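K.L.:
Here's the letter readout for the chains.
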Amino acid sequence: MQEQYDYIIIGGGVVGCMIARWLSRYEGKVLLIEKEADVGMGCSSANTAIVHAGYDPLPGSLKARMNVKGNAMWDQLAGELNFAFERRGDYVVAIGDEELPLVHKLMDQGKKNGVPGMVMISGAEMRAREKNINPETSGALWASTGGICDPFQVTVAAGENAVMNGAKVLLNTAFQDFIMEGKRIIGVRTNRGDFLGRWVINSAGIYSDDVMHKAGVRPEFFIKPRKGEYYIFDRADVSIDNVLFPVPSAKGKGILVTTTLHENTIAGPNATIIDDKEDTSTTKEGLAEVAEGALKLVPSLNLRYSIANFVGLRPMGNGPCKTPGVVYNNDYIIEIPEEVQGLVNLGGIESPGLTSAPAIAEEVVDMLRDAGEKLVVKKDWDPIRPPRPRFRNMSHKDRQLLVEMDPRFGQVICRCENITEGEIIAEIHAPIPARTYDAIKRRTWLGTGRCQGGFDMTRVVNILSRELGISPLEVTKRGTGSQYLFRETKRVEG
Amino acid sequence: MLSKQIYDVVVVGSGPGGVAAAIEAKKAGADDVLIIERDTELGGILLQCIHNGFGLELLKEDLPGPGYAEHFIKEMLSLHVEVLLNTMVMDITPQRHLFLSSKEHGYVEIEARAIVLAMGCRERTRAQIRIPGMRPNGIFTAGTAQRWVNVEGYMPGKEIVILGSGDIGMIMARRLTFEGAHVERVLEIQSYLSGLSRNLVQCLQDYNIPLQLNHTIKRIMGKNRVEAIEAVQVDEKWNFVPGTEEIIPCDTLLLSVGLIPENELSRKAGVKLDPITSGPYVDETFQTNVPGIFAAGNVVHVYDLVDWVSEAGFSAGKNAAKYAIALRNAEARYTPLVAGKNVRYVVPHKLDKSTLEKEDVRLQMRVTRPIEQPVWVEVHDGENLITRKAERYVRPGEMVTVVLKTKNYADVAKSSKLTIDINPR
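Line by line, the protein sequences are chains A and B. So for the first sequence, the working numbering puts the first residue at 1; every next one is plus one. So for the second sequence, the working numbering puts the first residue at 1; every next one is plus one.
Because the hints were derived from the structure by calculation, they are not lab data. In this text the structure is predicted, and so the values were computed from the model without any measurement. All residues carry an ideal CB built from backbone N, CA and C; glycine is no exception. Hints are not guaranteed to be accurate.
[Claimed, not checked] Partial list, derived from the structure: chain B residues whose beta carbon lies under 10 Å from chain A:
(1) Met88
(2) Glu104
(3) Gln128
(4) Thr144
(5) Val151
(6) Lys237
(7) Phe240
(8) Thr252
(9) Arg395
[Claimed, not checked] DSS-like cross-link-like pairs, simulated, lysine-lysine; straight-line CA separation at most 30 Å:
(10) A:Lys397 to B:Lys223
(11) B:Lys272 to A:Lys214
(12) A:Lys397 to A:Lys322
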């Protein structure tokens, strides 16, 4: 028998998980399907981790509205879901006098978008606030509502809270087609069977165009991946405490230098439009471009202290803005299309998609209500996703107490980031279980330090093997096909 | 469980440098020597180096890594060095307090009169040499692959390309060939070999594994697992030579591109590092800029031969012991003077015992409350009364004085602490 759901969400990125979390508040069965081995493996895991203030999107666009509304929701969201978030503000820095008018323009745009708490500061003030900034700075826009977060934790926490409230998350489950009854969608076909649902929500990120085309919706809509390459720096050697944007260009918000909540400085991204949605490769040219951009903001940045590079693909769409008089063709799509029944269609949710995610989830709920859904709040709905201990961030005293309570927190597995066996085991058995190396890495920051997993790799594979009851040969880095090991070594007989 | 709160010498890391330091610290007269190892066994990286070539200089023997380690571990254990396994040192302060974490012993703080840092080195990774391309599984440092094969007993690859002609890379080329893998070739960006010539002969040439100098990797291909690498020739400035690209199908890329001393703990302790070696600045006793903190072996700079690491460890251990003993003697020279019953404070706060050998010392104090009856002002060491003085009464407004006489020297010399109490007679 096919399982019957009320809401089926395609795609477990930050938007899909946030929608699952919002819908799990109400009576009804929620299913989220994700083609990868974990949630948050696409754009949600490879970005700049910034909660944008909202001065950047074009006034009047849906993107601008979602950005500003979403930004305001983050304090409560972080409080309820217990992920790392800090509203430390951000800067758009003009280098040389010729860039200053662009910063003023951004300020005006921010005001039109309703962004609170923006101030222009002088070059001298900027230099005082960030000693590493290019001394030729002529001034900056300071947006106090800008924030930084741990985007991996955000996605996982939203998904987990949905699961705690009754939603079901199926990993390694790839959407193949809609099941239709005339013009009505009644379910989805996947590699793991059919699932029936009254509503299907397309939050397939970079593949959202393919998904909507299967329903016959917006055949003219296409996602073009915009590849962004990044550097991560060793926190022991590079410490930039602020979020520093350059002035934006036609290519987007530009190559920034920013701190993260793990205290690692990161630099990036560039923006290269590509065709292949799976091409997450770094390039020599791209990394050189990022280096150049980063050095323009922070000339003292020493690339020698880079400990990793990564690539994110932003799902840039060609959705037209619906606001009369606003000409803009890369807007978000959030709609219940008329061509079919039973579809909530999202598309082109590129940056600031992370910031907008809670606002998008709320928008989806509002649309469903407008479409006649009753949406009765569950009596036992719990908005809180409890925090889990993070050894690295604790005082000596708290570590002592934690290890006394559970000695597994005393066994340090990742030497650079100080991640313990207790934390790893907790993630493996969490509401959305971390069953791959990278799933643990995203949740704990294990293996992200200067040795890049050289020390912990064998140990984590052994822990995964033990906890999941599988052979080390079956343990993967990121799902099927990414095994570590081929076979056992030769045995000496006798 | 830990036998002490304060140790003479604490050694961080039980590789060849650490074990040698512990041995020599003990031989040089340190009482309590503790060696801390984060892995399940003593020996460090030597345990996964099952090839031979160790000990030719120091032991005049050709031993495999574990054999070399065992030789010194046995000696160390016979000297009653205390051992902590499965324990990570989380923090070291400039005052030589160490915070340790382990499943078995919990999270504890200990003190050391001297510390020997012997954390060894780590391997450079892909990001540090910035190889572009995809980020699939199957890219390992040679040392991690060595652990997979020699300690864990698993094969991390079948078709293998090695970047870098470092010793571990060449040794792993031979090891993986023994185990039935195919090592396609070793690429080296420099125009010369970076490891030892003997390894080129014994590990590559003897097994017909080609070494390509002036070659590097232009990009890595494969989504989930390495599928191929693109090799390219470079000119003397390491620019790619167009037209020399070659796509080599493989499932594994091993990196043997250099080692970096592991000094994150040293930094926490305030140890200054030389940007060229990436190790601490040391004097000829292997002492760092932080008094009482010594460093030995690959944590200081990367050695060619383990024998030299052991020698550095001997020297650091001996000097750490000297430092600890001098500190212990200085500590023993003084005894603190403690305000006991009805005493608010005593001046002086501590006493150099040797002073009492030559002259009397006057102690002055104030009481906490008036006692309007005859009292004894008593100086004792916790068990034995050393001297006492009678007063008809004591009042906070009137300073009380008692004198320690040269005749009390013998008693005071034995004490670790003197307490002054005022009791009714």
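K.L.:
With reference to the structure, classify each hint as holding or not holding.
P.N.:
Hints, one by one, checked against the model:
Because the closest C-beta pair between B:Met88 and chain A is about 4 Å apart, less than 10 Å, the hint holds. Annotation: B:Glu104 was flagged as interfacial toward chain A, and the flag holds, the nearest CB pair being 7 Å apart, inside 10 Å. Hint status for B:Gln128: holds, given a least beta-carbon distance of 7 Å to chain A, under 10 Å. Because the beta carbon of B:Thr144 sits about 5 Å from the nearest beta carbon in chain A, less than 10 Å, this interface hint is met.
Checking B:Val151 against chain A: minimum C-beta separation of about 7 Å stays under 10 Å; hint holds. Violation of the interface hint for B:Lys237 is found here, the shortest Cβ-Cβ separation to chain A being roughly 14 Å, above the 10 Å cut-off. Hint status for B:Phe240: holds, given a least beta-carbon distance of 8 Å to chain A, under 10 Å. A distance limit of 10 Å between C-beta atoms decides the matter here; for B:Thr252 the minimum to chain A is near 9 Å, and the interface restraint holds.
For B:Arg395, the shortest C-beta to C-beta distance to chain A is roughly 42 Å, which exceeds 10 Å, and the interface hint is violated. A C-alpha spacing of about 43 Å is found between A:Lys397 and B:Lys223, which places the hinted pair above 30 Å, so the restraint is violated. With a CA separation close to 62 Å, the supplied pair B:Lys272 and A:Lys214 exceeds the 30 Å bound. Proximity of A:Lys397 to A:Lys322 is assessed by CA-CA distance (about 56 Å); at most 30 Å being required, the pair is judged violated.
Checked against the numbered hints given earlier, this structure breaks hints 6, 9, 10, 11 and 12; the rest are met.
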